[in-house]
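From just these sequences and the hints, can you work out the full model?
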Amino acid sequence: MAGFLAAHGYDPGPTQRPLTAGAISGVLAALPAVGVLWWFGSLPVEAKILSLSLAATLGLGFATMAVAGAVYGRVFGRAANDRRGGWLLGMAFGFALWSAGAVLVLPIWSGGHAPAGPAAVGVALSLLVWGGGLGLLMPSIHPYLHERLETVSTKSEVGPNAAASKTEERTRKRQPPRQ
Amino acid sequence: MRALVRFPAGAQERARSLIRRVDLSKAVVAGVAGALAMELLSIPLRLAGVAAIDLVGELGSILIPGEHAIGALGGLLAHAAVGIAWALFYAYFFWGRLKWPRVVQGLAFSALPAILAILFVYPQLKLMQAHETLARVRLTDFAHIPLGTLLSIIATHAVYGLVIGWLYRRPVGYPVGDKPAAPAAARDFERAPGHGRSRKNGFMFTTGIECSYPTIEKGRWRRDEMASALHYRNWQRDFDLCRKIGITHLRYGPPLHLTFPARGKYDWSWIDEPMAELEKYGPEPIVDLCHFGVPDWLGDLQNPELPSALSAYADAFAERYPWVRFYTPVNEMYVCSRLSALEGIWNEQRHDDHAFVTAAFHLASSSIAMTDCILKHRPDAIFINSESSDFTQPCCPDPDVQHRADMENERRFLPLDLIYAHDLGDSMKAYVREQGKTDDDLARFKQRKVPRRSILGLDYYEWNERLVDTQGRIRSLGELFGWYVIAKQYYDRYQRPLMHTETNRTGADDAPRWLWRQWHNIQLMRKSGVPLVGFTWYSLTDQIDWTVALSESLGLIFPVGLFDLNRDVRSVGLAYKQLIEMFSDVPEFRECEGLAKVMA
Chain E
0 MAGFLAAHGY DPGPTQRPLT AGAISGVLAA LPAVGVLWWF GSLPVEAKIL SLSLAATLGL
60 GFATMAVAGA VYGRVFGRAA NDRRGGWLLG MAFGFALWSA GAVLVLPIWS GGHAPAGPAA
120 VGVALSLLVW GGGLGLLMPS IHPYLHERLE TVSTKSEVGP NAAASKTEER TRKRQPPRQ
Chain R
0 MRALVRFPAG AQERARSLIR RVDLSKAVVA GVAGALAMEL LSIPLRLAGV AAIDLVGELG
60 SILIPGEHAI GALGGLLAHA AVGIAWALFY AYFFWGRLKW PRVVQGLAFS ALPAILAILF
120 VYPQLKLMQA HETLARVRLT DFAHIPLGTL LSIIATHAVY GLVIGWLYRR PVGYPVGDKP
180 AAPAAARDFE RAPGHGRSRK NGFMFTTGIE CSYPTIEKGR WRRDEMASAL HYRNWQRDFD
240 LCRKIGITHL RYGPPLHLTF PARGKYDWSW IDEPMAELEK YGPEPIVDLC HFGVPDWLGD
300 LQNPELPSAL SAYADAFAER YPWVRFYTPV NEMYVCSRLS ALEGIWNEQR HDDHAFVTAA
360 FHLASSSIAM TDCILKHRPD AIFINSESSD FTQPCCPDPD VQHRADMENE RRFLPLDLIY
420 AHDLGDSMKA YVREQGKTDD DLARFKQRKV PRRSILGLDY YEWNERLVDT QGRIRSLGEL
480 FGWYVIAKQY YDRYQRPLMH TETNRTGADD APRWLWRQWH NIQLMRKSGV PLVGFTWYSL
540 TDQIDWTVAL SESLGLIFPV GLFDLNRDVR SVGLAYKQLI EMFSDVPEFR ECEGLAKVMA
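Protein chains in written order, with numbering that gives the first Met the number 0: chain E, 0 to 178; chain R, 0 to 599.
Hints may be right or wrong, so weigh each one.
[Said to hold, decoys possible] List time: in silico EDC-like cross-link candidates among lysine to aspartate or glutamate, alpha-carbon distance up to 20 Å:
id	chain 1	residue 1	chain 2	residue 2
1	E	47	R	131
2	R	243	E	146
3	E	154	R	580
4	E	154	R	567
5	R	243	E	149
6	E	154	R	508
7	R	279	R	239
8	E	154	R	509
[Claimed, not checked] Over the 10 Å line for every Cβ pair with chain R, so calculated as not near, a few chain E residues:
id	residue
9	19
10	26
11	55
12	63
13	65
14	70
15	108
16	140
17	143
18	157
Just so you know, the hints here were simulated from the structure itself, not pulled from any lab data. For glycine and all other residues, C-beta sits at the position ideal for the given N, C-alpha and C.
Below, the structure is given as structure tokens:
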């Protein structure tokens with residue numbers, strides 16, 4: 000997975016806007032996830048654990064999902080645009096958020112309290128639904144946010160200077176200026 | 000392409016790390032079967048009194064509390080869904096990464112869901128079955144899982160891993176005799192304007208659609224790069240992408256194994272619409288008639304019917320598409336012969352010199368016969384004879400090492416020597432005689448009148464320069480002398496107009512760097528007086544499994560395209576667009592003297 004992230008995730012594509020696309024997709028995917036939380040009665044339980052009102056819990060949830068979506072877009076980069084496998088990456092990311100957030104951080108933060116019964120089912124399912132939705136939405140949303148080929152192709156990084164060795168350039172920068 | 004040795008470790012690692020072509024249906028079947036196998040192991044364990052985990056029951060009781068048939072069914076479906084999700088995860092990220100038997104790969108993979116089940120899922124399942132909505136938990140809850148349950152989790156996951164490892168395989172390609180899905184129907188859309196066929200003598204800024212179609216697994220499995228890289232589905236979009244970045248010429252290889260289903264039978268439905276699109280809107284195709292494979296009915300390169308069959312195909316093709324002027328009759332004859340008959344990777348998968356010489360002679364004869372047939376329909380046709388530009392350096396003065404390097408440096412010329420009616424070196428003459436070729440065989444090639452409009456196409460990758468090490472092994476040298484030096488050896492030998500017909504590299508930074516460095520080679524070659532008519536970044540989109548020279552069906556993406564498989568541009572695509580914009584209107588490129596002479 001580390002190799003996957005290094006090679007694919009760090010190369011989101013020169014015309015792409017992974018942070019924006021991820022944040023928008025994260026917020027949109029949160030809508031059905033909130034429905035799941037409501038259905039299983041998980042929202043009041045989470046609000047109680049966080050000692051927040053229902054509205055504040057929802058607000059915090061949407062903000063968190065926007066940030067998480069942006070992180071997803073940046074980390075998975077070009078891979079997040081995969082229409083066939085994106086939902087799987089999203090669900091894996093949702094599962095990781097559930098494991099790290101709901102199962103580890105939330106109990107630590109609240110002094111050992113965690114949702115149980117149907118509320119716990121709702122939390123787990125909502126994050127899987129959110130992740131799947133995020134992974135499904137991003138490949139469709141992202142193309143509308145791309146920079147135009149005509150403007151981005153003038154970037155100097157890909158121009159004729161690219162032929163020079165970057166190692167040599169870095170070495171030269173470290174050398175003291177000539178007298 | 001090209002790889003006479005496996006790719007350098009760095010490139011391989013980069014390529015292996017990318018998202019995969021996955022066969023979803025195979026992964027779904029494997030996931031369901033794996034989940035069922037888990038259940039089949041779990042039931043007898045529980046009947047034997049072991050405190051084995053009952054995942055179906057646990058999941059079912061969450062859906063409907065208590066032991067209920069509908070709950071159990073729901074649990075079964077939920078477990079199957081989880082099995083599918085993990086199998087897909089396996090197919091995308093794990094499959095083929097380790098050089099282990101596939102059941103062992105599956106077994107190793109199963110450690111991941113097993114660990115997550117122990118740490119998170121099982122404790123959470125217990126929490127989900129609680130009657131209250133809020134509970135107190137400790138991070139060490141998983142440590143209280145009974146030993147029998149713990150062992151059963153490990154054992155059932157191991158069985159799951161074995162099953163998915165056994166079932167999931169060969170995500171790309173298809174059995175010989177089958178066909179891929181037919182190309183998408185043409186649609187009307189607003190096309191990008193392109194240079195296309197408007198500049199008769201302009202320098203050829205070229206890319207290609209990767210189209211290799213050799214067989215592997217002793218002729219049982221067909222590789223089809225056009226299918227794997229989704230070209231059949233996206234052919235119109237692919238041509239439009241070419242126009243968007245200013246490509247003037249496109250190396251395009253119709254799938255011979257599909258268009259030529261039997262002697263005298265041709266199925267042009269695979270390419271009629273794409274060819275019409277290219278004719279009307281460009282870019283100008285350089286049609287590649289035979290690219291590393293032959294139709295099922297012809298078998299392999301050892302078949303002596305190859306020249307007559309392929310020349311009949313070329314004849315039919317040129318008759319159907321009389322507007323096509325640029326041809327590559329047989330792509331990289333040396334590489335094809337070598338990987339099929341010496342290195343045992345494709346087609347006949349042989350490992351002997353006799354088979355290699357036979358394949359090389361058959362392909363060279365085919366190329367000549369095809370050329371003659373095309374000329375009957377199109378006397379002004381232009382032939383771009385693409386070949387890999389190779390060089391082998393001895394590492395030391397050891398006579399055996401020197402001999403091996405000399406042999407390789409002679410052998411690389413064999414097919415080109417034959418089609419260009421060039422004398423073979425003495426050692427190569429002796430070599431082909433040892434393999435049963437007579438002086439009459441050689442004389443037939445030597446008598447050939449090479450068409451005036453023949454262009455020597457030379458492909459170059461960082462693994463084309465090789466070293467014979469002290470043990471006599473051939474290893475990759477990377478870019479030591481560079482395309483200019485190696486290509487000059489070929490030019491000096493054949494004295495034909497030259498074209499750089501393939502190159503690529505991976506990496507968001509490295510690929511643009513490589514592109515520009517190759518371009519500087521082009522400029523230096525032109526300045527030295529060589530009539531150089533074109534340059535090619537190969538290919539338009541990412542390729543599949545070239546990290547293993549197509550030898551196995553793994554679905555690994557080799558990210559060397561101007562565009563990725565979603566058809567999103569890569570940085571090298573932007574670099575090539577910038578290069579074309581910068582040079583296409585420079586007078587010496589707008590009216591390329593070397594090409595003008597060939598076109599005249």
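Hints and how they fare:
1. E/47 to R/131: holds (14 Å)
2. R/243 to E/146: Roughly 14 Å between the alpha carbons, so the hint for residue 243 of chain R and residue 146 of chain E holds.
3. E/154 to R/580: It holds: about 13 Å lies between the C-alpha atoms, which stays within 20 Å.
4. E/154 to R/567: holds (17 Å)
5. R/243 to E/149: Roughly 9 Å between the alpha carbons, so the hint for residue 243 of chain R and residue 149 of chain E holds.
6. E/154 to R/508: Holds - the C-alpha atoms of residue 508 of chain R and residue 154 of chain E are around 13 Å apart, at most 20 Å.
7. R/279 to R/239: Cα-Cα ~12 Å, so holds.
8. E/154 to R/509: holds (16 Å)
9. 19: It holds; residue 19 of chain E is separated from chain R by about 15 Å at its closest Cβ, greater than 10 Å.
10. 26: At about 23 Å from chain R, residue 26 of chain E clears the 10 Å cut-off, so the statement holds.
11. 55: Given a closest Cβ separation of 18 Å, the condition holds.
12. 63: About 20 Å separates residue 63 of chain E from the closest Cβ of chain R, which puts it past 10 Å; holds.
13. 65: Residue 65 of chain E clear of chain R: closest Cβ-Cβ about 23 Å, beyond 10 Å.
14. 70: holds (18 Å)
15. 108: The claim holds: residue 108 of chain E sits with its nearest Cβ about 12 Å from chain R, beyond 10 Å.
16. 140: Residue 140 of chain E clear of chain R: closest Cβ-Cβ about 13 Å, beyond 10 Å.
17. 143: holds (13 Å)
18. 157: violated (4 Å)
Comparing the model with each earlier hint shows a violation of hint 18 alone; every other hint is respected.
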